[in-house]
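Please arrange chain B on chain A, whose structure you already have, making use of the hints.
Listed below are the residues making up each chain.
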Amino acid sequence: MKISIQINEGPYQHQASDTAYQFAKAAIAKGHEIFRVFFYHDGVDNASRFTIPPQDDRNVVNQWAELDIKNADGEPELVVCVAAALRRGMLDEGEASKNGIDGNNIHPAFRISGLGQLIEAGIQSDRLVVFGD
Amino acid sequence: MATKKFMYLNRKAPYGTVYALESLEVVLIAAAFEQDVSLAFIDDGVYQIVEGQNPEGIGMKNFSKTYHALGDYDIKQLFVSAESLEERGLSIDDLMPLVWEDEDEDWAEKPSIQVVSNAELTKLMSDQDVCLSF
Chain A
1 MKISIQINEG PYQHQASDTA YQFAKAAIAK GHEIFRVFFY HDGVDNASRF TIPPQDDRNV
61 VNQWAELDIK NADGEPELVV CVAAALRRGM LDEGEASKNG IDGNNIHPAF RISGLGQLIE
121 AGIQSDRLVV FGD
Chain B
1001 MATKKFMYLN RKAPYGTVYA LESLEVVLIA AAFEQDVSLA FIDDGVYQIV EGQNPEGIGM
1061 KNFSKTYHAL GDYDIKQLFV SAESLEERGL SIDDLMPLVW EDEDEDWAEK PSIQVVSNAE
1121 LTKLMSDQDV CLSF
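Quick note, the sequences are listed as chains A and B, same order.
Using the numbering used here, the letters of the first sequence correspond one by one to residues 1 to 133.
Using the numbering used here, the letters of the second sequence correspond one by one to residues 1001 to 1134.
Chain A on its own, in the form it takes in the complex (with noise of 0.2 Å):
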């Protein structure tokens, strides 16, 4: 079964992208393909690669980077939301340089992208299931 996910909460407030995470790699273990994870609301949180947890925790941000989501073209499928991820200080290069702010923290693991690949992956997958409050 083809399944997209949408997280929107941030990473250790609150559990949900860890529950996401563990949703996507039993789907994965049982052959099933992860289309694509679209981040949103503080859910856009999860993609910081300036995230440092305390050692003896999990890194939710390397968890997501580890499931290695991309599509045929070799794209990263782990999506932030671009309005989202402005609002809350999450940029990538090419919106930091767009901006004029001097710096970035985009994990390259994920890539920043519009709404519209949230109603896409809602009209290509058999299952689109939200994390969330």
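Keep in mind that the hints were calculated from the coordinates and are not lab data.
Check before you lean on any hint, since a few could be wrong.
Each computed BS3-like pair below joins lysine-lysine, with the alpha-carbon atoms no more than 27 Å apart [claimed, not checked]:
#1 B:Lys1004 - A:Lys98
#2 A:Lys70 - B:Lys1004
#3 A:Lys2 - B:Lys1005
#4 A:Lys2 - B:Lys1004
#5 A:Lys2 - A:Lys70
Partial chain A-side listing against chain B, Cβ under 8 Å, derived [as the list claims (entries may be wrong)]:
#6 Ala29
#7 Gly122
#8 Leu128
Far from chain B, by Cβ distances over 12 Å, these chain A residues were calculated [said to hold, decoys possible]:
#9 Ala26
#10 Val60
#11 Ala72
#12 Ala83
#13 Ser97
#14 Gly116
#15 Ala121
In this text, a Cβ means the ideal position worked out from N, Cα and C, and glycines have one as well.
This is chain B only, laid out in the frame that chain A set:
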């Protein structure tokens, strides 16, 4: 591209958290995909479409006017939970008079809001291909 039935579930008050505003952003973008779209307002989500919102005092943007644009985006099915209204001492008269224009009837304005029971909402939700919950 295939047409699917999309329902957006709005469950949170318009201010206090960003869910309502960002849900509306998804709905407006989604309109470009020409899917069969409906919205449901449940729990505190019913406050999103209450008439006469004025968040000026709390320094928030009043985005409630945007709901009036939904009809122009051909989004004409707004379901509101009767139980959620009643629990909050609200009725349909407290909600914005949201309408859509019927092309087949000389652009006559028709109400978009339908108050339905939770049992009916459950059935509507089970008829969807995709439910996005905010």
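For each hint, the structure was consulted:
A C-alpha spacing of about 35 Å is found between lysine 1004 of chain B and lysine 98 of chain A, which places the hinted pair above 27 Å, so the restraint is violated. Proposed proximity of lysine 70 of chain A and lysine 1004 of chain B is supported: the alpha carbons are some 25 Å apart, at most 27 Å. Between the alpha carbons of lysine 2 of chain A and lysine 1005 of chain B the distance comes to roughly 17 Å, so the proposed pair stays at or under 27 Å and holds. Between lysine 2 of chain A and lysine 1004 of chain B, the direct Cα distance comes to roughly 15 Å. Compliance with the 27 Å bound is thereby established for this hinted pair.
Between lysine 2 of chain A and lysine 70 of chain A the alpha-carbon distance is near 13 Å, which keeps this suggested pair within the 27 Å criterion. Checking alanine 29 of chain A against chain B: minimum C-beta separation of about 25 Å lies over 8 Å; hint violated. Taken as an interface hint, glycine 122 of chain A checks out: its beta carbon lies about 4 Å from the nearest beta carbon of chain B, inside 8 Å. The beta carbon of leucine 128 of chain A is positioned within 8 Å of a beta carbon in chain B (closest approach about 5 Å), and the interface hint is therefore held.
Every CB of chain B is more than 12 Å from the CB of alanine 26 of chain A (nearest about 21 Å), matching its label as outside the interface. The claim that valine 60 of chain A is not at the interface with chain B holds, since no C-beta of that chain comes within 12 Å of its own (minimum 20 Å). With a closest Cβ-Cβ approach of about 18 Å to chain B, alanine 72 of chain A is found to remain outside the 12 Å limit, as its non-interface label requires. For alanine 83 of chain A, the requirement that its beta carbon stay farther than 12 Å from each beta carbon of chain B is not met, with the minimum near 6 Å.
Separation of serine 97 of chain A from chain B is adequate, the least Cβ-Cβ distance of about 24 Å exceeding the 12 Å criterion. A cut-off of 12 Å between C-beta atoms contradicts the statement that glycine 116 of chain A is not in contact with chain B; the least separation is 6 Å. For alanine 121 of chain A, the condition that its CB be more than 12 Å from all CB atoms of chain B is violated, with the nearest at approximately 9 Å.
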